[in-house]
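From first to last, the protein sequence lines stand for chains A and B. With the first letter of the first sequence counted as 1, position 65 gets the number 155 in our numbering; the numbers rise by one all the way through. With the first letter of the second sequence counted as 1, position 119 gets the number 209 in our numbering; the numbers rise by one all the way through.
Treat the hints with care, since some could be wrong.
To be verified - If you want the footprint, here are the derived chain A segments under chain B, 3+ residues with CB under 8 Å:
1. 365-374
2. 404-414
Unchecked claim - Some but not every residue of chain A turned toward chain B, in silico, with C-beta under 10 Å:
3. Val310
4. Leu316
5. Asp360
Said to hold, decoys possible - Ranges of calculated distance between the beta carbons of each label pair, as one might list FRET restraints:
6. A/Gly306 / B/Leu132: 26 to 32 Å
7. B/Gln333 / A/Gly306: 44 to 50 Å
8. B/Phe198 / A/Ser200: 37 to 43 Å
9. B/Val138 / A/His355: 42 to 48 Å
10. A/Ala218 / B/Arg251: 29 to 35 Å
11. B/Val138 / A/Glu411: 47 to 53 Å
12. B/Asp384 / A/Gly392: 42 to 48 Å
13. A/Ser160 / B/Pro288: 43 to 49 Å
14. A/Glu308 / B/Asp384: 56 to 62 Å
15. A/Ser200 / B/Gly318: 25 to 31 Å
16. A/Gly306 / B/Gly168: 37 to 43 Å
It is worth saying that the hints were derived from the structure and are not from the lab. Fair warning: this is a prediction, and the values are worked out from it, not measured in the lab. No residue lacks a Cβ here, since even glycine has one placed at the ideal position from N, Cα and C.
Number of protein chains: 2
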Amino acid sequence: MRGTVIHAAGDIRLETLEDPRILHPTDAIIRTAVTCVCGSDLWPYRGVEPTEAPHPMGHEYVGFVEEVGSGVTSVKPGQFVVGSFATSDNTCANCRNGFQSNCVNREFMSTCQADHVRIPNAQGTLVATDGVPDAKLWPGLLAVSDVMGTGWWAADAAEVRPGSTAVVVGDGAVGLCAVIAAKELGAERIIVMSRHEPRQALAREFGTTDIVTERGQEGVARIKELTGGIGADSVLECVGTAQSMQQALHSARPGGNVGFVGVPHDVAVDGQELFFSHVGLRGGPAPVRRYLPDLIGRVLTGRIDPGKVFDLTLPLDQVAEGYAAMDERRAVKTLLRP
Amino acid sequence: MRGTVIHAAGDIRLETLEDPRILHPTDAIIRTAVTCVCGSDLWPYRGVEPTEAPHPMGHEYVGFVEEVGSGVTSVKPGQFVVGSFATSDNTCANCRNGFQSNCVNREFMSTCQADHVRIPNAQGTLVATDGVPDAKLWPGLLAVSDVMGTGWWAADAAEVRPGSTAVVVGDGAVGLCAVIAAKELGAERIIVMSRHEPRQALAREFGTTDIVTERGQEGVARIKELTGGIGADSVLECVGTAQSMQQALHSARPGGNVGFVGVPHDVAVDGQELFFSHVGLRGGPAPVRRYLPDLIGRVLTGRIDPGKVFDLTLPLDQVAEGYAAMDERRAVKTLLRP
Chain A
91 MRGTVIHAAG
101 DIRLETLEDP
111 RILHPTDAII
121 RTAVTCVCGS
131 DLWPYRGVEP
141 TEAPHPMGHE
151 YVGFVEEVGS
161 GVTSVKPGQF
171 VVGSFATSDN
181 TCANCRNGFQ
191 SNCVNREFMS
201 TCQADHVRIP
211 NAQGTLVATD
221 GVPDAKLWPG
231 LLAVSDVMGT
241 GWWAADAAEV
251 RPGSTAVVVG
261 DGAVGLCAVI
271 AAKELGAERI
281 IVMSRHEPRQ
291 ALAREFGTTD
301 IVTERGQEGV
311 ARIKELTGGI
321 GADSVLECVG
331 TAQSMQQALH
341 SARPGGNVGF
351 VGVPHDVAVD
361 GQELFFSHVG
371 LRGGPAPVRR
381 YLPDLIGRVL
391 TGRIDPGKVF
401 DLTLPLDQVA
411 EGYAAMDERR
421 AVKTLLRP
Chain B
91 MRGTVIHAAG
101 DIRLETLEDP
111 RILHPTDAII
121 RTAVTCVCGS
131 DLWPYRGVEP
141 TEAPHPMGHE
151 YVGFVEEVGS
161 GVTSVKPGQF
171 VVGSFATSDN
181 TCANCRNGFQ
191 SNCVNREFMS
201 TCQADHVRIP
211 NAQGTLVATD
221 GVPDAKLWPG
231 LLAVSDVMGT
241 GWWAADAAEV
251 RPGSTAVVVG
261 DGAVGLCAVI
271 AAKELGAERI
281 IVMSRHEPRQ
291 ALAREFGTTD
301 IVTERGQEGV
311 ARIKELTGGI
321 GADSVLECVG
331 TAQSMQQALH
341 SARPGGNVGF
351 VGVPHDVAVD
361 GQELFFSHVG
371 LRGGPAPVRR
381 YLPDLIGRVL
391 TGRIDPGKVF
401 DLTLPLDQVA
411 EGYAAMDERR
421 AVKTLLRP
């Protein structure tokens, strides 16, 4: 089969790889319907995370079950399935507590920009749809497997409530999905920090009420202006840098909440500052599995359309261009068709 | 009147000071019924916080209203009142959100180890009891003004729920009150990290089910052993050092909560570690005012008796000995009678 391999920063290749096969009774093999490039894939692409040796890429997927291990009874060959970038048995204590992305048997997906993918923990990870959804819904379901699930988690971790004010830091695909989530969870006012007009437009389409283009202390001052002087109830941090985390923490009102879903790079939170702010802080890899049935339903009924974050669609063999377009900010997110 | 003044590390004196008087229409003057020494008073006493110039001490109080400013209608002379170490107007947005200890007009109390005290923001800060409570209940009500309110906040911030498992880090007065709070909020298992037998005994009396004497990684391992391998639902951090914060963060289960109420000294939280733990973190100066009516009721009905944390009672003129006894760990907490 064909699969994406990174060789070094900036060096993405589609190569002929061995077909994946069942290694454990809990595995399934899927034929990829659509896959995509994630903002976090740009960390190694840009050399911020080193690439010691060539390795496959991709952790977002929807597809058709081709084969299941002997321990998998929840899905069967031929079904269309949605999963999560983090696999989970969905039975351990952490899964039962709703933190499937911290499953004791978790394996992170990493080979999904390919024709076929082995899914560990398939029983607990994959959710089959009723019948095969119309292909025009595949991008939305693909988004659910990562960015939409992550945006939802940001809003959940930041405790967005009906009538509340939410700030979204970051206008990438996760930030845009976080707007959808904040809207669905009832936020009355949704403020997005963004300097990119096409992204602002999509943010508004998703429910954003205010755009803030200022950053740093000026950005914080503008948020305070918009929130009665005290800050926002909920802040959804969707970037992962020290600067974005500061922006988020300083934009929340006393007693407000920051949900942080951008993987932190060189971020340290000052204990005393957090203390006197009264701000609650929670983040992590999104427990997408917890939200899958609900989010799949919202996509299938057309209530939400997170597939709109894909503004570039390429055949899988142009995956390198898919990375380049995102790196150069010519695209928010690239969808790949095997 | 007589009031406590710190001159330098280790140098506490009871001196004759000017009687406090109404400075603002929102002030009240109270005659102190009982006051006490706080664990946080030991920071300057030990020289960890510098004392640049002599200044009064004390932020815990219950007493009798002697005089009120023209803007104070909620309490009147003669009434017995309980307040908070942080004053609040109880009308601003932060107060309405339940974070009165972040009131936009907040003033921290700092002159309470004295015969008389001026209370700023008296209208929003003081809660009068029905009649004068029996003097044997004064210590419990005094505890409510700080340590019991703070222990309650630790349990609230750590989201203690009925049937859950709570770990309390710290066996000082706040930690012991946190045990009371965890018990009242329905924790089924309450694990206290303590090496001091008299404190362990009181912790057990308050509802502790397990004592852990190990610290650091051994302490974490022991907590994991006691919690099915994953950690506790809620951890109540009641110390404020880098070590105790690490202990707390590592003792919580994935997706659990740490409430931190010890004022952090040189504490930095690693963003990536917090991220992958899924632990929620919230702390700050306790919004005691939010809890006052409820906690006063629990003390007056005898449901809780946080006054037991006072294991040394001295006349106010022996305040210096009160500090020394706590510094040398001969006492958990010293009550002072003017």
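Checked hints:
With 10 residues bearing a CB less than 8 Å from a CB of chain B, the region 365-374 of chain A meets the requirement of three and the coverage assertion stands. Counting residues of the region 404-414 of chain A whose CB falls under 8 Å from any CB of chain B gives 0; the rule of at least 3 is not met. For A/Val310, the suggested interface contact is broken, since its CB lies about 16 Å from the closest CB of chain B, more than 10 Å. Among the interface hints, the one on A/Leu316 is violated; its C-beta lies about 14 Å from the nearest C-beta in chain B, farther than the 10 Å criterion.
Here the hint on A/Asp360 is kept, as its CB sits about 6 Å from the closest CB of chain B, short of 10 Å. A beta carbon spacing of about 38 Å between A/Gly306 and B/Leu132 contradicts the range 26 to 32 Å that was offered as a hint. Checked against the given bound of 44 to 50 Å, the beta carbons of B/Gln333 and A/Gly306, roughly 33 Å apart, lie outside it. At about 51 Å, the beta-carbon gap between B/Phe198 and A/Ser200 misses the expected band of 37 to 43 Å.
The given range of 42 to 48 Å is broken by B/Val138 and A/His355, whose C-beta atoms sit roughly 33 Å from each other. Separated by about 33 Å at the C-beta atoms, A/Ala218 and B/Arg251 satisfy the suggested range of 29 to 35 Å. In this structure, B/Val138 and A/Glu411 break the distance hint of 47 to 53 Å, their C-beta atoms being roughly 59 Å apart. For B/Asp384 and A/Gly392, the Cβ-Cβ distance of about 46 Å falls inside the hinted range of 42 to 48 Å, so the restraint holds.
The beta-carbon spacing between A/Ser160 and B/Pro288, approximately 59 Å, falls outside the hinted interval of 43 to 49 Å. Checked against the hint of 56 to 62 Å, the C-beta distance between A/Glu308 and B/Asp384 comes to roughly 42 Å, which is inconsistent with it. In this structure the supplied range 25 to 31 Å holds for A/Ser200 paired with B/Gly318, their Cβ-Cβ distance being about 29 Å. At about 53 Å, the CB distance of A/Gly306 to B/Gly168 disagrees with the hint of 37 to 43 Å.
Violated hints, in rising order: 2, 3, 4, 6, 7, 8, 9, 11, 13, 14 and 16; the structure is consistent with all others.
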